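Quick mapping for you: the protein sequence lines, in order, are chains A and B. The first sequence maps to residues 1143 to 1251 in this note's numbering. The second sequence maps to residues 278 to 732 in this note's numbering.
It should be emphasised that the hints constitute simulated quantities derived from the structure, not laboratory data. Among the hints, a few may not be true.
[As the list claims (entries may be wrong)] Restricting the straight-line Cα-Cα distance to at most 20 Å, the calculated cross-link-like pairs of lysine-lysine (PhoX-like) are:
hint, chain 1, residue 1, chain 2, residue 2
1, A, K1145, A, K1186
2, B, K385, B, K465
3, B, K385, A, K1159
4, B, K409, A, K1159
5, B, K590, B, K630
6, B, K732, B, K352
Keep in mind the model is a prediction, meaning the values are calculated, not measured.
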Amino acid sequence: MAKIYLNQIAHGRSGDKGDTSNVCVFAKDPKDYELIKEQVTPEKVKEYFGNMVKGEVTRYEVPSLNGFNFVMKHALGGGATHSLRLDSLGKSMGSAFLRMKIDYPDDAE
Amino acid sequence: MDKVIIGGGQGFWGDSNDAAIHMVHTAPLDYMACDYLAELTLSIMARQKIKNPAAGFARDFLGLYKACGEEAFRKNIGILTNAGGMNIEGCVDGIRQIAEEKGLHGLKIGYVTGDDLTADIPRLLAEGVDFKNIDDVGDFNEIKDKIFNANVYFGHEPTLACLEQGANVVITGRSTDSALFLAPCMHKMGWAPDDWNNLARGIMAGHLLECGGQGAGGNYDYGWRDVPRMDELGFPIAEITPDSFHITKAPDCGGIICEQSCKEQFLYEVHDPANYITPDVVVDISNATLTQDGENRVRVGNVKGKQRPDTLKLSIGYHAGFKVAGMLSFAWPDAYEKAQYAAEIIMKKMKRKGLQYEDIRIDYIGLNALHLDVAEIDPKEVKDLNEVVLRIAIRTKTKEECAKIVPEFAPLQLNGPPGASFFGGRAHIQEVIGLWPTLIPRDALHLKSNILEIK
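The shape of chain A in the complex, shown without the other chains (with noise of 0.2 Å):
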């Protein structure tokens, strides 16, 4: 088992409703979905950005184009003008979100 970043597996782009940031994230190649299904729970992500995202996580799954959508809450240090963060919009939440580092199988290539 390796420890690699998500964003060797996946790819995906962050947006942003107010204080709401959402990530949608797909797997590069389909095998690896459930992998991503497994490990890259709403609890995880919620754990993983800890005080970066002060609301709750919620994840859908849409396995027709191997992908998901984390929408996060309160995410953005209070959303439009509000937050003092020099990335207010998150575009980089998208990256942030696929530096997490998940455990990769040795034999899964």
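Chain A is fixed; fit chain B onto it per the hints.
Relative to the frame of chain A, chain B by itself:
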């Protein structure tokens, strides 16, 4: 008719005009829709209009129209936009002037008024509308005297009405981005307003196009290095027939249309994929498919629709205090340690000045200002950082509080740890615009479709 071809000409207020001009020139378009409004845009426009009654709309659209409006008119390409913002008539007048200068006789400019409900709030309150925040925060009584604007996200109806009266250009305020694309699809394809599955296809065409270049290889995580000719990035185009729906782009431009590029835009700013709520239809893309169907051509399948909601979203912008961010840069050796020390000095001074803030952030650009808590910081590498920028941002209730920190950055060039460099001049204090999203009954809104013909 059995086919509609529509392009996405703008992704936001401030976008490049190049791709829109190129697609009018080279693609067999029926329509081009240009989205200018993000969540905060109307509040910013409302503030501009107070200072200058002639402002308050996306003036950029006039430049775009000047560049390609005549060609669009001659080729019978309809143009739809929400560039009207908070000053629809101002925008219409700008287009009228351009059309007259260019001699576009017979051009019909359709425009939609009535989405600004700012003046109606007291009446709606009296009628029992509670303005409850849909994000479950705050008390409306605390913001109701600080409102800049209150605009309803509306659907296809008034835009379609303009098209039915022969409009060549339609200018709106807070139409949803996607309804600007749906209305021409309905007009050309004859879809009924309760044909939910077709309406959902039109909305998703809009969704894939409304961010311009982001739907054609811009902001593309999967393989940004592989996007051809990004300097000539094309914007996406949708082709819809009764039984097919494709995304493509204009000939001879850069960009990429592939499954992965479409996927990244498909769920962008969607919440529940089985219930993507718009004023026109509730879209279900939880079983949708995206399939490569030729070079730079993706087929979109299995988009479903359900009955539209009874309520509409009203977005209220309100005054929420002030904020300012100051910066100082530091170089090796010990750049990060010096920047941290400078922050400590500034904060000690602020404590003595009795600074009262609502929120504060101290970040180090080059280290953790974007990924924040999940940035990986290796102490050894940090010790040898070539350079780092200290950024301190505060939000306060009054402008006077913000003003306390503004003059404290530049002096640290001479009074702080060595090598501090101040740049960009003194920081500007910004007014904070809060957003209050709420739901109102459909019948609270009375939109009007108007036509102005160029003689």
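Hint-by-hint comparison with the structure:
1. Annotation: proposed proximity of K1145/A to K1186/A holds, straight-line Cα distance about 15 Å (limit 20 Å).
2. Simply put, K385/B and K465/B have alpha-carbon atoms about 17 Å apart, close enough for the 20 Å limit, and the pair holds.
3. At roughly 35 Å between alpha-carbon atoms, K385/B and K1159/A are farther apart than 20 Å, so this suggested pair is violated.
4. The suggested pairing of K409/B with K1159/A holds, with an alpha-carbon distance near 17 Å, which does not exceed 20 Å.
5. Of the supplied pair hints, the one linking K590/B and K630/B is violated, its CA atoms being roughly 43 Å apart against a limit of 20 Å.
6. Taking the CA atoms of K732/B and K352/B, the gap is near 19 Å; set against the 20 Å cutoff, the hint holds.
Hints 3, 5 from the earlier list are contradicted by this structure; the remaining hints agree with it.
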